[in-house]
Amino acid sequence: MARIWRFGANVNTDQIVPGRYAPYMLKNEDDLRKYPFIEARPEFASTVRPGDLIIAGPNFGCGSSREYAPLALKMVGVGAIIAPLFARIFYRNALNLGIPLFEADLTDQLEDGQEVEFNAETGVIIADGRTIQLPPPPEWMREVWREGGIVPFYRKYRRFPGAASV
Amino acid sequence: MGQTLAEQILSHAAGKPVSAGERIVARVDLAMMHDSISPSIIKILHQELGADQVWDRDRVAVVVDHVAPAATIQTAEHQQALRRWVRQQQITHFFDVGRGISHAVLVEEGLARPGMLILGSDSHSTAYGAVGAFGTGMGSTDMALALATGQTWLRVPETVRILARGRFRPGVGAKDLGLRVARLIGADGAAYQSVEWHGVEELSVSERMTLATLSIELGGEAGIIPPTGPGWEEHAAQRGITVPPWLRVEEGARYSRTVEVDLDTLEPQISVPHSVDNVRDLSELGRVEVDVVYIGTCTNGHANDMAAAARILKGRKVARGVRLLVVPASSEALRQATADGTLATLLEAGATIGTPGCGACIGRHMGVLAPGEVCLFTGNRNFRGRMGSPEAQIYLASPEVAAATAVLGYIAHPAEVIG
Chain A
1 MARIWRFGAN VNTDQIVPGR YAPYMLKNED DLRKYPFIEA RPEFASTVRP
51 GDLIIAGPNF GCGSSREYAP LALKMVGVGA IIAPLFARIF YRNALNLGIP
101 LFEADLTDQL EDGQEVEFNA ETGVIIADGR TIQLPPPPEW MREVWREGGI
151 VPFYRKYRRF PGAASV
Chain B
167 MGQTLAEQIL SHAAGKPVSA GERIVARVDL AMMHDSISPS IIKILHQELG
217 ADQVWDRDRV AVVVDHVAPA ATIQTAEHQQ ALRRWVRQQQ ITHFFDVGRG
267 ISHAVLVEEG LARPGMLILG SDSHSTAYGA VGAFGTGMGS TDMALALATG
317 QTWLRVPETV RILARGRFRP GVGAKDLGLR VARLIGADGA AYQSVEWHGV
367 EELSVSERMT LATLSIELGG EAGIIPPTGP GWEEHAAQRG ITVPPWLRVE
417 EGARYSRTVE VDLDTLEPQI SVPHSVDNVR DLSELGRVEV DVVYIGTCTN
467 GHANDMAAAA RILKGRKVAR GVRLLVVPAS SEALRQATAD GTLATLLEAG
517 ATIGTPGCGA CIGRHMGVLA PGEVCLFTGN RNFRGRMGSP EAQIYLASPE
567 VAAATAVLGY IAHPAEVIG
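If you read the sequences in order, they're chains A and B. The numbering of the first sequence is our numbering, which starts it at 1 and goes up by one. The numbering of the second sequence is our numbering, which starts it at 167 and goes up by one.
Among the hints, erroneous ones may be present.
Unchecked claim - Beyond 10 angstroms from chain A on every Cβ pair, some chain B residues (computed):
| no. | residue |
| --- | --- |
| 1 | A186 |
| 2 | D354 |
| 3 | H364 |
| 4 | G385 |
| 5 | A403 |
To be verified - If you want the footprint, here are the derived chain B segments under chain A, 3+ residues with CB under 8 angstroms:
| no. | region |
| --- | --- |
| 6 | 484 to 496 |
| 7 | 518 to 530 |
It is worth saying that the hints were derived from the structure and are not from the lab. From the three backbone atoms N, C-alpha and C, an ideal C-beta is built for every residue, glycine too.
Let's have the full structure, built from the sequences with the hints guiding it.
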């Protein structure tokens, strides 16, 4: 089962990981896993379980280009992020790291803390016996997920997703 | 059918005509990386992608601006390693501690030019739109891929056109226009899109940088001001820069929407905690006392911004109990402020001057805020915790409003000071 972590609109990267907790500022870079939502939701990092889902309002990940924001979410095993609109840089960064993203607004349909079943490959959520089908991501995005991120993708194919070789 | 400026630049970078909605592979003209993100870019470039060298050492700019000078042993070690890497890679364009904020530096140096595709490891890389470039921010992995290949992949964005009409009133300027647009279209009003700013030909390139950097606060992928008008001509003439013949505003270019702003009636705008698009007219704000007034950043830390503040501060003192911190955007801005007397005026009023760079904008050093403190900031983000404590309050406004606020101790219209 996956737990739902529900957030509002315009969640910015300073909320996800404040600049003071950047790897640049840390003695041990692995400590980054302690800091997602350290101030916005202090219980998140210590209680999130691998596979849990973040659902949010529009413009998730707005603000800075810091890739360590989605990296921190990946380190604690976030299973997917679902929002009606992602800020562009965050979207690229999360895609590059291989974090599944779905564009849908579920904030009216699911409660914070709710336990659901989730299949990232099919995009199906089962919540209290009810099935929610997420819109399928484009094939080029799935290509990247399958390889586990853009770096393994590039190393294997020597090209950008959905494009001819470089 | 005409093309937007973004479509023209990306067509050039892709080597074929492209239009909004297409996904393309594009040639990168310039890649900028700064101290804060460089360690992870370098690690991905060498250890994960297995590349030995950057694709073109003349097309990479490295700037130490985020924690400059180093605030901790940790950041000092990272900067030491970065300098070693710059030598080893023989990077041509390296700007160390004190030269200033990457965006200001690349524009001043004439490295950022019209028609270029410029990637930066910083979201405010939209700044390069001030000189008619397509500047956009990217994360570490995208930057490492660009350094390895000289290329990137993009979706060609639609464009939101901002159409300013009329003339700014005294004490009102580019910052107020930018915040007004944030108020009108919101923090995601230009998500995945380019922003084209029209009707601002009179503005200097520094003032254009205010609009270009604020474009990311609208969600913009780029924020481009057409490289025309007197403000542009002066910048171009000083540096011998020409505009490529294929780059011009075209009749029939398709915009997703046009947002008009009447400058004749525009009042000073203020963005209140904790989001940039939470904007109102300054006259609607009640009395807000402040602890800190901070003038700086790539948005409003330029020579003209310090001079605008100095005009209001001249012969006056910072209010008791208020700290006025001024962090110039670049060493060149500081040199100009020294030459024209601005710096002396600021010091006589009681300002503290920081090392040119990003300063406290990312909340790591040089003026971090305590819980409960209120800051009037000329920067671009008032997110909770941005400049330090999440219990601090950040208000965004122009350098003129900042100066008036420093004198009176509460957020004030410049007219309250200078009449």
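Failing hints, ascending? 2, 4, 6
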